[in-house]
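Chains as they are written, first to last, in this note's numbering: chain A, 721 to 1211; chain B, 96 to 405; chain C, 714 to 922.
Keep in mind the hints are simulated off the structure, nothing from the lab. We treat Cβ as the ideally placed atom computed from N, Cα and C, and that holds for glycine.
Stretch-level coverage of chain A by chain C, calculated; a stretch enters the list once three of its residues show a Cβ under 8 Å from a Cβ in chain C:
hint: 1; segment: 786-793
hint: 2; segment: 850-861
hint: 3; segment: 919-927
hint: 4; segment: 994-1003
hint: 5; segment: 1146-1153
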Amino acid sequence: MNLQSPLPSINPANVPDALASHERAEIDASTRGPVLLFFGSAVFWLLVGSVLGLLAAWKMTHPGLLDSMAFFTFGRIRPAHLNAVIYGWASQAGIGAGLWLMARLCRVRLLRSKLLVSAAVFWNVGVLVGVLGILAGDGRSIEWLEFPGYATPILFISYACIGVWAVIMFWYRRPGHVYVSQWYLLAAFLWFPWMYATANILLVWQPAQGPAQGAVNWWFAHNLLGLWFTPIGLASAYYMIPKILGCPLYGYSLSILGFWSLAIFSSWNGMHHLIGGPFPAWMISASVAASVLMFIPVVTVAINHHMTMSGHFDALKWSPTLRFTVFGAMTYTVVSLQGGSMSIPSLNAVTHFTDYTIGHSHLGMYGYFSMMMFGAMYYIVPRLVGWEWPSAAMVRWHFWLVAIGVLLMAASLTIGGLLQGLAQYDPTVSFRSSLEYATPFRVVRGISGFLLLAGHLVFATLFVRMLLKAGHHREGPALFAVPAAKPKAAA
Amino acid sequence: MTAPAQPPDEGFSEKEHASEMNVAEVHGSIVRERADPRAGREPVPLWLLAIFFSIIFWAGLYLAYNSGGFRADVFDPARVAGGSAAQTGPVDPKVLGRRVFTQNCMVCHQTTGLGVPRQFPPLAGSEWVLGQDWHGDNHLVKIVLKGLQGPIQVKGNTFNNAMPTWSMLTDEQIADVLTYIRSEWGNAAPPIPADFVRAMREQTAARTEPWSPKDLQAIPAEKAPAATVPPGPSPVPSAAAITSQTFNCRVVEAHLSRSAGFQPALSGIPAGEIEANQEKTVRQDAKRSRQDARAPVCQPEWRGLFYRIF
Amino acid sequence: MNKLPWIFAGVLLTFASAWLGLVVYPCLALGRMQPVPDEDTGGYFPPSSSGLAVAGQRVYAANGCLYCHSQQVRPAPLSTDIEKGLGPRRTVPRDYLRAQPVFLGTMRTGPDLTNIGARQPDANWHHRHLYDPRSVTDWSIMPSFRFLYKMRQIQGQPSDDAVKGLTGPLAPPAGWEAVPNDEAKALVAYLLSLKRNYPLPESPITPAK
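Kindly produce the complete structure, drawing on both the sequences and the hints.
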């Protein structure tokens, strides 16, 4: 099949996949508008979401905080935080990174970028309307899908452009090898509208009868994690690690195994959020089995990444992108194995309904996905803006604030959750006692929220300075340290 | 397969290309980039595949043993649908009393009879239950019939909650549950006969308000008479006894009455003969309730086309 | 080889498998359930609720009660829910027939509410608790929902609606009363309707041992 690429072909016959610098620059220029807009909006919602999350966290230990107005009640702040970070921060960061990665890997320019800029605007309008709707009392209390019915169509309209364009880029890709990241991105861009449409139809617009709703809800919520955020994050990791090191990915067959086992098993996991719930036993057991089977894709990906990094771990000393990316990739392994263990009924009996689950979800969405997106943004933004990150010290602050913040949050909620769960499981222990076990750990969690917010403020400052091309002109990338003397130095 | 058409051209021309990109000024970050990633050829380690296949094997076994036969009406993983066996004899009133307790009283007074500190008073060792101090058996029955509110002292602790009325229970059910609580958790007090409950109900027929402790204290304490019928299992199960038996019996009786068009006399049907196949009654019941004109429209009115397809 | 059709097909088929199992199947198998008749009263299990209680579901959803309270009773030995008195039996799909949406919940920051209507059958207790949870349970971390109530000067007699017995720092000063607005009344009606202690054939009540 012979595609005529819009780019002049200068490739030498023996390196068919290489891009020349000016071709890369062209591709980056074509993605600049939409990707920077998605990234910038994502950073904005990251700040909003962090403030809302911090407020929610402190309300749990100080219930009198801002409790006189309906707008600020915990039951609205918490879903507002969740949706702001999922749809505002994480999805937009993922879409931005996904579009750039797809364009680069398919080696085509992103055409009609103005349309995607409108899509970004629409998406932000939808999220804004949705978050305000939740605070105003129109939230649907459907977990991970709380936006009122008047906000979700806006997101749909926006996504229609995004998804279509991602697929079109893949269709018109330059002939040559298809890299594993492209499969993950293509799959994520196809899965998201299907799951989002199903969930909205069956839960919001034409709700299914009561008993069925729980299953649809958690099928959707888990798929958002496993088949929207996970593939985008993995696509970024699969690109960044070999790219920065200049080494090939360890194993092609491992990446095939990882991709297809994720596709097969991940979507069956949803019911593990409802173990013991009112559903036929086979549905719960199928999800338990699928959750344990997730060991396969997770370990496969971990081996692939680890063996690629093997011998080059000193790169973590100097590369911001790599540090954030590898932090995310390692956390992915830990949090997925933790999730598989939580699905086993005997452990679930203790951890269900406790803070343990919250620790797990933050470790996943933040420790894995958000850190991965920070890494991607540290790589991509200089190439779009034509400027280097102005301050390596600030990047260092960002990293340590958020790394310690998320680890502190996960550790405190995990331990507190276990104590809470053990107390709840014991029928001779009062509910009051289980609450008191959890409280000191929730205070620590609240402190970690300040660390995260501080880290985000640092990052937002860096981002704005990049957009403004502030600071002195820097030759070479902003790195944590000077790399050890090597023939090639790259970022 | 035909080659797809060229992507639409947005006025892309050589001249614009040259003006957009000044090759010399391509940013350093792009120039210094390494080649795009490519995949290496390492195979999947065999030991990894071995682990994976053992996990898949485990998953298969897990599904086989924990899926309740893949039925829609089995919710406990290890149980296969079959229904519980029918009672093969008349039912001990204490068992009936325990059932009434579990269905109605246990939510507050707990299975242990210890209640919830500062919220729901205990029944174990309670002077109210055992008829000690100023408390009589008539007080106990009247509390169940009309409810109780206001601060009370139970075993030295104060409680100030509201117990609702349970007069919707039959005299037999109230007698059974009071007999149960008076002989459980270390309590040892004589049983309460149904006649006594009936008498108390008639006495208090006019009252609509729950009792306060002062109201009760104004009534002199009475002891329930010894049961005229020995408190063993009665040979003829009363209607009340049957209604508080395992639910499937009740459903089957209803099914029999509907389909045959008559009300069978409940006494005289040995409980063992009533078919207690739970699975069948659930299906029959669901089918009948669909056909029943009295069945409420429980699907919401705005079911759309999506549902009509199914 | 053009990979796009293969990846496309694989991506859709793998997704479709769980879509069929976890979405379509429950809608078919669980989505057409009917209530079970109750011979004693001529009603149905689960019993229908008053319109006010149905409106209360909307208030429950709007204020996110679900994020701290679950509404499901799990069986033994997976859990000790029944032993702790959260309900006489496990909840099954038919229990949620009339719920819109279903508030199963995944957190127990506060207690499970499946049978709260049976545990606390007094409307005034609920109003006191919603107005200021710490005046009823001093260790509670539940936020106050006093924005669902109106503070009014007592005109002559206290109104019938007013919340009785309010104490604590948030209680109305002398001469004032707190009156629930429509949302509070609907919410309390809904909470009082939460009683899943009726029998269902598929979820037998096993008596305490």
